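Protein chains in written order, with the numbering used here: chain F, 22 to 409; chain C, 22 to 409.
No wet-lab data here; the hints were simulated from the structure. Some clues are possibly wrong.
Identical copies look the same in the list; a pair holds intra-copy or inter-copy alike.
What the hints assert, rightly or not - Lysine-lysine pairs mimicking DSSO-like chemistry, simulated, CA-CA at most 27 Å apart:
(1) K327 / K38
(2) K50 / K142
(3) K38 / K142
(4) K38 / K250
(5) K142 / K250
(6) K104 / K50
(7) K210 / K327
Quantities reported herein were computed from a predicted structural model and do not represent experimental measurements.
Protein chains: 2
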Amino acid sequence: MLGDFTYCNPTRLHFGKNAMSALTEELAKYGQTVQLIYGGGSIKRNGIYDQVIAALEAAGKTVVEDAGVMPNPTADKLREGVKIARERNVDFLLAVGGGSCADYAKAVSVSMNCDDDPWEKYFARFEEPTCEIIPVGVVLTMAGTGSEMNGGSVITNHEQNLKIGHVFSTDVAPKFAIMNPEFTYSLPKYQMVAGIFDIMNHITEQYFSGTDDNTSDYIMEGLMRGLVKASRAAVANPEDYEARSNIMWTAAWALNTFVGCGKAQDWEVHMLGQAVSAVTDATHGMTLAAVALPYYRYIMDAGLPKFARFAQNVWGIDAAGKADEQLAAAGLDAMEAWMREIGCVMNLAELGCDESMLETLADATFVMEGGYRKLTREEIIAIFRESL
Amino acid sequence: MLGDFTYCNPTRLHFGKNAMSALTEELAKYGQTVQLIYGGGSIKRNGIYDQVIAALEAAGKTVVEDAGVMPNPTADKLREGVKIARERNVDFLLAVGGGSCADYAKAVSVSMNCDDDPWEKYFARFEEPTCEIIPVGVVLTMAGTGSEMNGGSVITNHEQNLKIGHVFSTDVAPKFAIMNPEFTYSLPKYQMVAGIFDIMNHITEQYFSGTDDNTSDYIMEGLMRGLVKASRAAVANPEDYEARSNIMWTAAWALNTFVGCGKAQDWEVHMLGQAVSAVTDATHGMTLAAVALPYYRYIMDAGLPKFARFAQNVWGIDAAGKADEQLAAAGLDAMEAWMREIGCVMNLAELGCDESMLETLADATFVMEGGYRKLTREEIIAIFRESL
Numbered sequence: 022m023l024g025d026f027t028y029c030n031p032t033r034l035h036f037g038k039n040a041m042s043a044l045t046e047e048l049a050k051y052g053q054t055v056q057l058i059y060g061g062g063s064i065k066r067n068g069i070y071d072q073v074i075a076a077l078e079a080a081g082k083t084v085v086e087d088a089g090v091m092p093n094p095t096a097d098k099l100r101e102g103v104k105i106a107r108e109r110n111v112d113f114l115l116a117v118g119g120g121s122c123a124d125y126a127k128a129v130s131v132s133m134n135c136d137d138d139p140w141e142k143y144f145a146r147f148e149e150p151t152c153e154i155i156p157v158g159v160v161l162t163m164a165g166t167g168s169e170m171n172g173g174s175v176i177t178n179h180e181q182n183l184k185i186g187h188v189f190s191t192d193v194a195p196k197f198a199i200m201n202p203e204f205t206y207s208l209p210k211y212q213m214v215a216g217i218f219d220i221m222n223h224i225t226e227q228y229f230s231g232t233d234d235n236t237s238d239y240i241m242e243g244l245m246r247g248l249v250k251a252s253r254a255a256v257a258n259p260e261d262y263e264a265r266s267n268i269m270w271t272a273a274w275a276l277n278t279f280v281g282c283g284k285a286q287d288w289e290v291h292m293l294g295q296a297v298s299a300v301t302d303a304t305h306g307m308t309l310a311a312v313a314l315p316y317y318r319y320i321m322d323a324g325l326p327k328f329a330r331f332a333q334n335v336w337g338i339d340a341a342g343k344a345d346e347q348l349a350a351a352g353l354d355a356m357e358a359w360m361r362e363i364g365c366v367m368n369l370a371e372l373g374c375d376e377s378m379l380e381t382l383a384d385a386t387f388v389m390e391g392g393y394r395k396l397t398r399e400e401i402i403a404i405f406r407e408s409l
Numbered sequence: 022m023l024g025d026f027t028y029c030n031p032t033r034l035h036f037g038k039n040a041m042s043a044l045t046e047e048l049a050k051y052g053q054t055v056q057l058i059y060g061g062g063s064i065k066r067n068g069i070y071d072q073v074i075a076a077l078e079a080a081g082k083t084v085v086e087d088a089g090v091m092p093n094p095t096a097d098k099l100r101e102g103v104k105i106a107r108e109r110n111v112d113f114l115l116a117v118g119g120g121s122c123a124d125y126a127k128a129v130s131v132s133m134n135c136d137d138d139p140w141e142k143y144f145a146r147f148e149e150p151t152c153e154i155i156p157v158g159v160v161l162t163m164a165g166t167g168s169e170m171n172g173g174s175v176i177t178n179h180e181q182n183l184k185i186g187h188v189f190s191t192d193v194a195p196k197f198a199i200m201n202p203e204f205t206y207s208l209p210k211y212q213m214v215a216g217i218f219d220i221m222n223h224i225t226e227q228y229f230s231g232t233d234d235n236t237s238d239y240i241m242e243g244l245m246r247g248l249v250k251a252s253r254a255a256v257a258n259p260e261d262y263e264a265r266s267n268i269m270w271t272a273a274w275a276l277n278t279f280v281g282c283g284k285a286q287d288w289e290v291h292m293l294g295q296a297v298s299a300v301t302d303a304t305h306g307m308t309l310a311a312v313a314l315p316y317y318r319y320i321m322d323a324g325l326p327k328f329a330r331f332a333q334n335v336w337g338i339d340a341a342g343k344a345d346e347q348l349a350a351a352g353l354d355a356m357e358a359w360m361r362e363i364g365c366v367m368n369l370a371e372l373g374c375d376e377s378m379l380e381t382l383a384d385a386t387f388v389m390e391g392g393y394r395k396l397t398r399e400e401i402i403a404i405f406r407e408s409l
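Modelling step: build the complete structure from the supplied sequences, incorporating the hints.
Right, dumping it as structure tokens:
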């Protein structure tokens with residue numbers, strides 16, 4: 022723990038098959054009018070919507086519907102959500118869905134009482150909230166982003182080819198999250214696998230940086246070993262409760278600031294992936310899967326001891342007789358084999374990208390400085406080309 | 022994550038070499054009169070007391086001294102502390118020390134506004150607080166108990182030969198903790214090692230139970246690997262900041278409810294060790310060290326797959342050619358070698374126990390039901406005898 026830091030995470034997590042039974046009591050702590058935020062309506066087909074409405078009714082709330090939040094929530098949709106919140110003077114924002122709904126709810130939360138345009142203020146200019154924040158709660162239906170237990174919010178502006186995340190303070194994080202792993206059973210395999218790789222990449226973004234021997238690294242190795250095992254069980258049987266619950270729990274802890282405590286962090290894979298989503302609207306986790314290996318193979322030499330450690334401690338590769346270069350490469354090969362096994366998208370062509378888009382993708386990519394390398398524009402283009 | 026649970030931990034942790042700089046701002050959030058709780062005065066020799074007083078003065082607080090908290094804080098001392106709190110009508114309790122001071126502060130916190138005798142209400146009858154709780158803060162000077170980030174409090178009644186812990190809700194947990202690893206440098210090696218084994222045993226108490234494949238188990242394996250490495254470095258050089266900081270961070274997370282989420286838990290080693298402290302007043306961590314191996318070797322057959330996993334995933338023992346029994350035994354042998362290497366007390370004789378005390382120790386031992394075995398009185402006596 023070489024770096025100084027402050028850690029505080031007050032989100033209350035209700036986890037398990039009976040987690041929903043806590044919703045009415047949680048809602049009772051907040052005001053009368055609840056903006057109910059959800060996506061394309063799958064929650065109406067799988068019964069979750071009815072359970073949420075029952076809890077809202079039991080708590081005597083006035084419900085304001087706000088449906089249609091898309092997988093990469095847009096600045097335009099955000100402006101609509103803020104308009105609804107203001108017109109109905111809502112007291113609480115309840116997001117029912119995955120990270121998109123939670124991210125969107127947090128963006129509405131910091132914007133309802135603010136005169137500025139939300140995209141400009143928070144995502145173009147990275148300003149902090151200067152107005153009253155509306156509390157947010159989450160009923161989680163997809164594991165991956167970790168948005169249920171952090172202050173992060175990612176919004177996409179397709180006109181500007183930009184997908185930008187703002188990590189707000191814990192004041193903006195959900196007050197509570199209802200986490201029933203069974204709610205993720207009906208998710209299509211593509212979405213489940215995208216979530217799993219998103220989790221893995223949240224961990225590797227924080228793992229592949231620094232040269233210290235940090236407790237956070239040991240915790241992340243444990244989380245990655247558990248995630249790999251659970252992912253295989255979940256692909257074999259999507260209704261394996263143990264596997265789905267381990268994945269859901271790992272998702273929350275991979276991105277609630279905990280595993281990054283005291284450490285340098287990279288996040289360049291997310292910058293590359295978010296550029297792809299900004300341009301193509303592709304599923305977040307799959308954009309990360311398409312670019313991660315070309316990126317890590319490119320920077321491997323600059324962080325060789327950590328990549329060698331990754332091979333041993335996460336993938337169980339025997340170091341005997343191997344130089345660090347061989348060991349490090351074998352670790353990334355093992356990650357590739359696992360990604361193919363569970364069904365990750367392995368290239369950008371499958372997500373609709375081609376050679377003609379490389380400059381546009383590079384324009385949309387932010388360059389981070391916390392990892393083993395700081396990329397030039399030429400290197401970014403080369404990595405995108407390698408990912409095609 | 023097979024069991025349902027709720028997780029919430031709002032304690033704000035200020036960690037690192039400059040952590041103390043946050044104390045004045047934290048104190049400013051609370052009332053005027055601060056009860057300053059500490060132990061035998063070592064903080065006056067190493068300069069920490071002066072830093073705390075400076076922060077209290079900068080925050081303009083009225084300070085009420087409450088020194089002399091002993092390593093196993095007693096019911097009598099607790100009654101004195103409650104008397105001070107009432108007489109001076111304090112608004113905040115600031116514990117400067119290790120787990121004893123923090124545990125004691127929490128016990129005062131739930132008792133100041135309560136008419137009942139604190140030992141009888143909370144530790145003999147296990148009642149919950151029914152009165153206003155006074156907020157607590159901690160400046161940590163010893164890593165081990167994890168009391169800085171949980172609602173637990175352990176109080177000893179030597180007249181009754183009882184040392185009893187009560188795990189209160191998060192309302193009783195410290196509002197903040199100042200965690201500067203350098204503050205632990207001046208601790209005698211015996212105390213440092215006792216703290217390290219306390220941390221290890223907090224983890225094994227939660228690890229050695231259940232047959233599920235829980236994310237919490239993977240996290241604990243990572244924490245144990247990191248702890249073993251850091252402990253060796255800290256013994257070699259007590260001023261190895263990286264090692265001492267990793268140990269301090271691991272201590273907080275080993276007992277803030279996180280690593281036990283979704284899992285069955287044992288805690289019998291703590292019951293055996295607390296009986297020893299109740300009778301002999303021996304150092305907590307060393308009482309655990311003296312009884313842990315005889316206990317684990319006794320129950321090993323009942324949880325064989327987990328002990329075999331422990332050998333591989335924590336101690337890196339190669340499973341090839343070994344039956345589970347051999348593997349499991351080799352894991353405990355590796356733990357024993359590590360305990361001897363860092364300087365743990367390996368038997369009860371060294372803590373002042375002898376054959377004549379076995380019945381008294383058994384009388385003082387609570388029997389838990391969450392582990393691989395539920396002990397009979399005869400078995401408890403046999404384990405204590407094996408520990409002599």
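Cross-check of the supplied hints:
no. : hint        : verdict
1   : K327 / K38  : between (38 Å within a copy, 25 Å between copies)
2   : K50 / K142  : neither (30 Å within a copy, 30 Å between copies)
3   : K38 / K142  : neither (39 Å within a copy, 34 Å between copies)
4   : K38 / K250  : within (21 Å within a copy, 38 Å between copies)
5   : K142 / K250 : neither (42 Å within a copy, 46 Å between copies)
6   : K104 / K50  : within (24 Å within a copy, 35 Å between copies)
7   : K210 / K327 : neither (32 Å within a copy, 32 Å between copies)
Of the numbered hints stated above, those contradicted by the structure are hints 2, 3, 5, 7, listed in ascending order.
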